[in-house]
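Engineer: Take a look at the letters that make up each chain.
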Amino acid sequence: MKEFMTGNHAVAQAVKLCRTPLIAAYPITPQTPIYEKLSEWEATGVLKGIMMRTESEHSAMASCIAASLTGVRTFTATSSQGLALMHEMLHFAAGCRTPVVMANVNRIIAAPWGFWADHLDSLSQRDTGWIQFYCENGQEAMDSVIQAYKISEQVYLPAMVNLEAFLVSHFMEPVEIPDQDAVDHFLPPLDLPHKFDVEKPGFLMTVVSSELYRKYRHMAQVSMDSVKDVAVRVDREFKDVFGRGYGIVEPIAMEDAEVVIVTAGSITSTARLAIRSLREQGHSVGLLKIRLFRPFPNEALQQVLAGKKKIAVIDRNNSMGSGGIFCQELKAALVHSEDRPYIYNYIAGVGGTDVNPEVIQRIALDAMERSEPMDQPMWIMEE
Amino acid sequence: MVFQEQQPNFLRTGHAACAGCGLAAGMKLVFQAMGHKTIAVIVPSCEGSIGGVYPNTAYGVPTFHSAFEIAAPTAAGIANALKIQGKDEIQVVAFAGDGGTYDIGLAALSGVTKNNDDIIYVCLDNEAYMNTGIQVSSATPSYAWTGTTPEGNPRRKKNIMEIMAAHYNPYSATATIGFPRDLQQKIVKAKSIRGTKFIHLLVPCPTGWRTPSDLAPELSILAVETNVFPLYEVEDGRRYTLNHEPRSLPVQEYLLKQGRFKHLNEEQIRQVQMDVDEEWERLKQRAGRFASRK
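So the protein sequences, as listed, match chains A and B. Residues 58 to 440 in the numbering used here are what the first sequence lists, from first letter to last. Residues 3 to 296 in the numbering used here are what the second sequence lists, from first letter to last.
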């Protein structure tokens, strides 16, 4: 069944379809419609469970972790400052190996204040041990939440589904809502091997030795590495059932591409149009969308970028003192590439500024004309 | 009646508390009254340290060492998950120190109490950050020496019971280890009430209060008998009940046994006595107003 809805409501629908019984949340623009919709469904009994209306995002995450350790599926949604406030608990969720799933609506981090799309909020959390997906539209956000539960509950690591402020969160599109029965079959009820049990008392998160800390961190890393395969498998299973799949990366018109544009999130949709025009003009430009950011899909990227000589990474974020974060990660993934590609970094869309097809075309042509490598990121500063 | 002290002890031997620790005695009494169908939450504090280092632990019920400022929402998350699972017979108790309650955890505790989530929250109040050494918290009494108030604490102790009462939560009570039966009866009562229950448990700390290690029970009793720490309950934020008629001894009897107050001059002791008298009169008025409903 198709319905016209925002990205936020698509996320809320996914949470309902996953029968998540415990949600803890706190309002923040532009995530609040997720919280409101789920609260409405909880109040009217459409969603069977408990909505914890907490006094902060930090407490919301604390409650999700604790409930998850007790054995129930949990969800929260946040954005920007709220995600930053949660930071301590993001590390904690991963360290506790809880399959908490969260939607983060990517919004600029203050100061100065603003509400618009920017990926820096979630990218700043890249070292916290969360699986991270970046979604292009409401449909993908909905499907990614369902997939995120299935992945997280196999690897015991939390997952964050990112959708950009307004461009995805508030943009209305037709969204295909999967059948409840099919989702129930795809995502069985949560059954964790370990949870609080008064008949088998244990002390969780005791102080450990240095060696044990290192051991647990390593175990989590091994699990995180496995996500690359698990995510591909879950996406394939999802496609078999629901007819839609995304991959962990998506190569578009790459075969003969002299320049490959790399994007994440909603800029990808615009880039799909831009490369069509570029190809009509006779330029061999390809597009590569990165959907899974943590773990970073090094092997998949090395494979799809094999033989490519020029790569232009568009980053809707900037790590001060370094540059675009997707570009940093991609450069690291390709550092041993025999192709020695020139990787150019374009900072575009920061602060929610518009990245229209013309901007993307200019980026492609700029990369095409360059004959020397360039270490410094280039800022797109159109008014 | 089955006396709670005859129930199994879920703070087992081998814990790592200092000699004569009032907090360990308090936790033991609470655990006994809770019984085995309990899940406990602790946070960074002396509870975190005394529980033991992996693979050993003194805690005999499922216990989760959560982060500092979130004892309440952690416990509430567990309690709500148990509710979803239909496990109504299991109760959740959160232990946090005075720093974790009065200071860094106050907003989180307030949020949970506002929602009336079904937990028992025990503030183990030893009146300073004792686990990190001895640093002032907003539970530290006037003039007390701490490592960060070397000239004595210039501010009065925050009134946490009034802050809780302002939430109209179903049950809050003060208790201390020198009155173990009173403490355990309050825990048993809290278990019978649904919603957020708050126990303000004064636990003398020989290390931080600069006293001999055998004084915690005596100081606990003196705190009550000097009116420094009256034993009372507040129900629904309105009904106050005094649980013990104190002897109203002069505050010196309590203060001068402790190294942290040894530098107090007469004027400061007089000021403490005035503050205690004022609080006690106010409390009596509140309790008296509802005396007939006892």
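A few of these clues could be false.
Unchecked claim - List time: in silico DSSO-like cross-link candidates among lysine-lysine, alpha-carbon distance up to 30 Å: (1) 30/B with 388/A; (2) 257/A with 286/B; (3) 286/B with 116/B; (4) 30/B with 252/A; (5) 252/A with 286/B; (6) 85/B with 105/A; (7) 285/A with 388/A; (8) 116/B with 105/A.
As the list claims (entries may be wrong) - If you want the footprint, here are the derived chain A segments under chain B, 3+ residues with CB under 8 Å: (9) 145-158; (10) 265-272; (11) 353-365; (12) 415-423.
To be verified - Covered stretches of chain B, going by a simulated chain A footprint (3 or more residues, C-beta under 8 Å): (13) 111-117; (14) 194-205; (15) 208-222.
Calculated from the structure, these hints are not laboratory results. Glycine residues also receive a C-beta, built at the ideal position from the N, C-alpha and C atoms.
Engineer: Does the structure break any of the earlier hints, and which numbers would those be?
Structural biologist: Violated hints (numbers, rising): 1, 2, 5, 11, 12, 14, 15; every other hint is consistent with the structure.
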